[in-house]
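*Asks:* The listed protein sequences correspond, in order, to chains W and A.
Sequential numbering from 343 applies to the first sequence in our numbering.
Sequential numbering from 3 applies to the second sequence in our numbering.
Derived by calculation from the structure, the hints in this document are not laboratory data.
Watch out, some of these pointers could steer you wrong.
Cross-link-like lysine-lysine pairs, in silico, DSSO-like; alpha carbons within 30 Å at most [said to hold, decoys possible]:
(1) W:Lys559 <-> A:Lys76
(2) W:Lys479 <-> A:Lys220
(3) A:Lys30 <-> A:Lys76
(4) A:Lys220 <-> W:Lys374
(5) A:Lys121 <-> A:Lys190
(6) A:Lys30 <-> W:Lys365
(7) A:Lys121 <-> W:Lys479
(8) W:Lys369 <-> A:Lys220
(9) A:Lys30 <-> A:Lys220
(10) W:Lys374 <-> A:Lys121
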Amino acid sequence: MDWRSWSLWKGFDYLGGISILMKDTLKTMLSKRWEWAAIVYQMDLLGVESFSIVLITAVFMGMVLALQTAYALEAFGAKLYVGEVVTLSMTRELAPVLISLMVGGRVGAGMTAEIGAMKVTEQIDALRALGANPIRKLVVPRLIAVVFTLPLLVLLADALGIFGGYIISTFQLQIGGRFYFTHVFRLLKFSDMVSGLAKTGFFAFFITLIACYNGMKARGGADGVGQATTSTVVLSSIVILISDFFLTKLFLAF
Amino acid sequence: MEDFLEYNNIHKSFGANAVLQGVDLTVKRGETLVILGGSGTGKSVLLKLTIGLLNPDTGSIIVDGENVTGSSEKEWMRVRHRVSYMFQWGALFDSMDVFDNVAFPLRESRRYSDEEVRKRVLEKLDLVGLVDSVDVFPADLSGGMRKRAALARSIVTEPACILYDEPTSGLDPITADTINRMIRRMQKVLGITSVVVTHDINSMFHVADRLAFLYNGKMAFTGTPDEARTTEHPVLRGFIEGRNPDEPDT
Numbered sequence: 343m344d345w346r347s348w349s350l351w352k353g354f355d356y357l358g359g360i361s362i363l364m365k366d367t368l369k370t371m372l373s374k375r376w377e378w379a380a381i382v383y384q385m386d387l388l389g390v391e392s393f394s395i396v397l398i399t400a401v402f403m404g405m406v407l408a409l410q411t412a413y414a415l416e417a418f419g420a421k422l423y424v425g426e427v428v429t430l431s432m433t434r435e436l437a438p439v440l441i442s443l444m445v446g447g448r449v450g451a452g453m454t455a456e457i458g459a460m461k462v463t464e465q466i467d468a469l470r471a472l473g474a475n476p477i478r479k480l481v482v483p484r485l486i487a488v489v490f491t492l493p494l495l496v497l498l499a500d501a502l503g504i505f506g507g508y509i510i511s512t513f514q515l516q517i518g519g520r521f522y523f524t525h526v527f528r529l530l531k532f533s534d535m536v537s538g539l540a541k542t543g544f545f546a547f548f549i550t551l552i553a554c555y556n557g558m559k560a561r562g563g564a565d566g567v568g569q570a571t572t573s574t575v576v577l578s579s580i581v582i583l584i585s586d587f588f589l590t591k592l593f594l595a596f
Numbered sequence: 003m004e005d006f007l008e009y010n011n012i013h014k015s016f017g018a019n020a021v022l023q024g025v026d027l028t029v030k031r032g033e034t035l036v037i038l039g040g041s042g043t044g045k046s047v048l049l050k051l052t053i054g055l056l057n058p059d060t061g062s063i064i065v066d067g068e069n070v071t072g073s074s075e076k077e078w079m080r081v082r083h084r085v086s087y088m089f090q091w092g093a094l095f096d097s098m099d100v101f102d103n104v105a106f107p108l109r110e111s112r113r114y115s116d117e118e119v120r121k122r123v124l125e126k127l128d129l130v131g132l133v134d135s136v137d138v139f140p141a142d143l144s145g146g147m148r149k150r151a152a153l154a155r156s157i158v159t160e161p162a163c164i165l166y167d168e169p170t171s172g173l174d175p176i177t178a179d180t181i182n183r184m185i186r187r188m189q190k191v192l193g194i195t196s197v198v199v200t201h202d203i204n205s206m207f208h209v210a211d212r213l214a215f216l217y218n219g220k221m222a223f224t225g226t227p228d229e230a231r232t233t234e235h236p237v238l239r240g241f242i243e244g245r246n247p248d249e250p251d252t
């Protein structure tokens, strides 16, 4: 067996493992009581503690977008449409993808490290030995927290990105705030927001499953946990970028 | 005495590594059986098979008269309530203090009121001498305290059997002696059936009613500690005398 078939085999093995985790997680989520304290804790960890990263990413992305758009549209005398471009780009694409990449990387890495450390110190076996279901205790609260909180962070990022565009429009491009926001709200449709938020929900689902699965499969001590954490960041980023294309195609069809 | 645990022709492999190759063993109700063997010979694997943390490739395991081989996770939960496991390094939950760690199995079973949980936890922590450390987190505990906290967590549900995985490894001789005495006390006071996996000979002679020696994937010897002292088995003799039978005396 050469290395390509070996990699392919490992890929199928990984895909199979994560599919089983997804099935068990959904089954547990629907059939067992939820750990509300753990869910709230995870929401705090993800939501409140990610606020600064969202603020910086979204405001600066909105400002850069306004600058680049103005530069590109100036040749056509369409600089005044900065508000529309910033709004559409942020709500439909940039906020969902960038915030998922930033927050997902941060939160996903943290989840894998935490669950991985539990795995290599036999705490996950201990959960089972003491009569608890590790999926209910570890995966379900994280999944619920991320799937609900990440879209909220993206909604916040939408607003902050548009605000970033407003700063550049007003102070550099000399487009009035009233004019900017009139164009923003005239163009902004509910379906644009929903498409961005729905995509984020899927990203959140993928990030959490990958992070938890890698954590639960970690082995070999600190080195193994480190490798699993790196793998989570790389894989969740790739999955976000690839699934973004297909989800965008899907949502554009409706 | 009737058998509490029964292992019949257990095989278990990890990839190409055949760890257990036909293990037959019985543990009688109320006795303390020590499983002795070198590192990586499958002692811990055998314990993990007993409560379904791993599944055997072939063979059957009978716990308290019930064949548990191939049980579902839900069925294993019932077994785990009667048979508890003390992990080698304690496996205490980092995010919880000692009290919450010990209370965990009681809260998880949802059979006890808060008051009852508190009473039981303090009673067991008192038994292992940790009642003053209820609010300490595992990271701040010494190795011996971790083992004692893990022991309290193992006995808090008052199981019929405890599986001890290397209970004295990494401990100084005095702390190891304290743990050994506790294992003995669990058996005498609470009548608990115990299986102790170790390669600590002193510990073995202190706690064992019977000894089983795991070698090359099979039980190479079962008998009392006194019988073990006079055994002809060269590797077990080497184990007991603390010397490598393959190396010439110098």
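*Asks:* If a hint holds in the structure, say so; if it does not, say that too.
*Replies:* The hints, checked one at a time:
1. As the CA atoms of lysine 559 of chain W and lysine 76 of chain A are separated by approximately 22 Å, the hinted pair is consistent with the 30 Å bound.
2. For a cut-off of 30 Å, the pair hint linking lysine 479 of chain W to lysine 220 of chain A is broken: about 37 Å separates their Cα positions.
3. Of the pairs offered as hints, the one joining lysine 30 of chain A and lysine 76 of chain A holds, with about 26 Å between alpha carbons and a cut-off of 30 Å not exceeded.
4. A distance of roughly 41 Å separates the Cα atoms of lysine 220 of chain A and lysine 374 of chain W; the hinted pair therefore is violated under the 30 Å criterion.
5. At roughly 22 Å between alpha-carbon atoms, lysine 121 of chain A and lysine 190 of chain A fall within 30 Å of each other, so this suggested pair holds.
6. As the CA atoms of lysine 30 of chain A and lysine 365 of chain W are separated by approximately 40 Å, the hinted pair breaks the 30 Å bound.
7. The straight-line distance between the Cα atoms of lysine 121 of chain A and lysine 479 of chain W is roughly 25 Å, inside the 30 Å bound, and the hint therefore holds.
8. At roughly 40 Å between alpha-carbon atoms, lysine 369 of chain W and lysine 220 of chain A are farther apart than 30 Å, so this suggested pair is violated.
9. For the suggested pair lysine 30 of chain A and lysine 220 of chain A, the alpha carbons sit about 19 Å apart, so the restraint of at most 30 Å is met.
10. The suggested pairing of lysine 374 of chain W with lysine 121 of chain A holds, with an alpha-carbon distance near 28 Å, which does not exceed 30 Å.
In the structure shown, a violation is registered for the earlier hints numbered 2, 4, 6 and 8, in ascending order.
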